[in-house]
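Throw the hints in and build the complete structure from the sequences for me.
Listed below, chain by chain, are the residues.
Protein chains: 2
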Amino acid sequence: MAEQFGFKVLATDGKARRGEVSMPRGTIRTPAFMPVGTAGTVKAMYLDQVRALGSDIILGNTYHLMLRPGAERVARLGGLHEFARWPHPILTDSGGFQVMSLAKLRKLNENGVTFRSHIDGAAYEMSPERSIEIQGLLGSDIQMQLDECVALPGEEKDIERAMELSLRWAERCKTAFGDQPGRAMFGIVQGGDKRHLRVRSAQALKAMELKGYAVGGLAVGEPQAVMLDMLEATCPELPADKPRYLMGVGTPDDILKSVARGIDMFDCVMPTRAGRHGLAYTRRGKVNLRNARHADDPRPLDEESNCPAARDYSRAYLHHLVRSQEALGAMLLTWNNLAYYQSLMGQIRDAIEAGAFVERAALISQEWARGDIPAL
Amino acid sequence: MAEQFGFKVLATDGKARRGEVSMPRGTIRTPAFMPVGTAGTVKAMYLDQVRALGSDIILGNTYHLMLRPGAERVARLGGLHEFARWPHPILTDSGGFQVMSLAKLRKLNENGVTFRSHIDGAAYEMSPERSIEIQGLLGSDIQMQLDECVALPGEEKDIERAMELSLRWAERCKTAFGDQPGRAMFGIVQGGDKRHLRVRSAQALKAMELKGYAVGGLAVGEPQAVMLDMLEATCPELPADKPRYLMGVGTPDDILKSVARGIDMFDCVMPTRAGRHGLAYTRRGKVNLRNARHADDPRPLDEESNCPAARDYSRAYLHHLVRSQEALGAMLLTWNNLAYYQSLMGQIRDAIEAGAFVERAALISQEWARGDIPAL
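Read top to bottom, the protein sequences are chains H and Z.
The opening residue of the first sequence carries number 1 in the numbering used here; numbering runs sequentially from there.
The opening residue of the second sequence carries number 1001 in the numbering used here; numbering runs sequentially from there.
Hints are computed from structural coordinates only; laboratory data are not their basis.
A virtual CB, placed ideally from N, CA and C, is assigned to each residue, including glycine.
Relax, there's no trap hidden among the hints.
With a cut-off of at most 20 Å between alpha-carbon atoms, the simulated EDC-like pairs for lysine to aspartate or glutamate come out as follows: (1) H:Lys43 / Z:Asp1312; (2) Z:Lys1043 / H:Glu326; (3) H:Lys43 / Z:Glu1326.
Chain Z is nowhere near these chain H residues, computed Cβ spacing over 12 Å in every case: (4) Ser22; (5) Pro24; (6) Arg25; (7) Arg29; (8) Ser101; (9) Ala225; (10) Lys257; (11) Ala354.
Printed below as a string of structure tokens:
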């Protein structure tokens, strides 16, 4: 295991990069998908399963964990790795995004944000320094700066103000994080759907010489083409020798197209959330198990999959579990979905190494376009 | 594997019996606990886990399965074993108990019962013949007669009428079941809390020469002493060479005391339901993980357990999962609870074989009475 946090690019294919993020707790093969473990658990999964699917890192949500069970409590219990029994790398977000989307009575100023918990109404303050302190208490390996993320579409002056504020907060987070050789603090590029603001944000963050860079404020309602355009404007401004993380993205197609533009890391609730709503990701696109067409279908989701959830259980059984709101339905579909996402990442990594990313991406897309196997 | 359904007593210790129920799909070591798989799934568990805990048989609920996904559909899909991926023995109840507790607009007469589904209001008829037909469609290895179960306390004339009706239905079920060498149809002793009615019911069923006998209509609100008194009246009237199944029972203490009175098989939702409500069964009694005393406790539920759920996760983490209503909380506590129940059954079987049942039961009870480990 590496003693210091580091990143190296092992191969490139066009703008797509095959790399490794290394740190004392392990190595992340990139492009990487990070399953979301909001409250110290990847919903409806044993973490042993998550690991066995090829997950090198999971994400924890600072907002949820600071409210319950509380960052100081997690620290007393030995940190999030020990608490949740995940000894491998963990990335935590800053908490800012969910303060904005979930908390009540939010007030934001230069210093930070005050809010009330959506669980019990308790008052909290979150500054750049407190966000880093909390992420340190959790024991996070990759910590994110506090930023302000503006919904799209938005007014340019609001987007610019939030981007500039996020840059000042990045400086404060860098200072608060200090010198921790085995861990990293990533800055977050903001700038909404404005190329010139994205460029200015990326250049300013690059000048701070951080250990990694995220692209934030995307996948917040804008068309995919806008997101990809922002990546095309942003990635060339970021240093080539540092990892690039696209936050909260996305669909398998988003991932494929973002890798093609130079992104290394992803996280998204889609595979886990969809699994709790009867939706399965497969080689041949998304399958809605609630649909009556599956009620009498003895075939599995994907007989060629290595995942037991995809290969061994009939669609009829999965349909029954989903319709009956049985826990096992969410357990099996989440398992299937994370297996699919991690298998997609493995294919992407192999293709980049082989210098065949464009061809492989085209084949993968063609298979999605074929759609699900015909109904019986 | 046995070609024919059979039962043999391997050892006795007082009235406690160590036996084996054998059939083409496998052998059930008795005394046995049957996890409840209501709708073709033991809630919040993979069936592989249920098996690995030492479960030789699970129970399916005919009422739930006939409504959804439907008995004919399960039959088309290869039967319940294939549908749920459980190739081992399955016992199904008759559906009658849940018609009475869950269905709407129930009307009971000599022929059977008509009712409407609690799910969608659809009308159904259930006769003794239809119950056996449905259980056959499901592919059940041990099928139960349709009976009428009266709530306690009840009027003697109602209890007697229901008992007599249940005897007539037992004859009809026996005829409907016919000759199926690899499977069994069990009769059900009724008679409420009246010893003489229990004796009359048991004697009449014995005369029918069935392959097994259940004791029904207990654990429906009466004190434990009444239940045990009914077992003392009933078991001596049943043939010694046939298995005896106490339906819907019970707590670990109920099981210990019922084994001492000659019962061989049990089923109960307690371990699975409790697991979804934050309650853990342990060597040292029941533990409520919702309780704030566990919030900072790094100790596992039971460091001496072989079950990872009991041994490897901190009480603080389990408390957090329960409070956060995370699926993993139900998954881990159900796992712990079924592990505890099956370990209890294993201890009971070993003790009977060793001729030390009374002593072992006393030790087990003493350990429950010690209560949980002191709070930190």
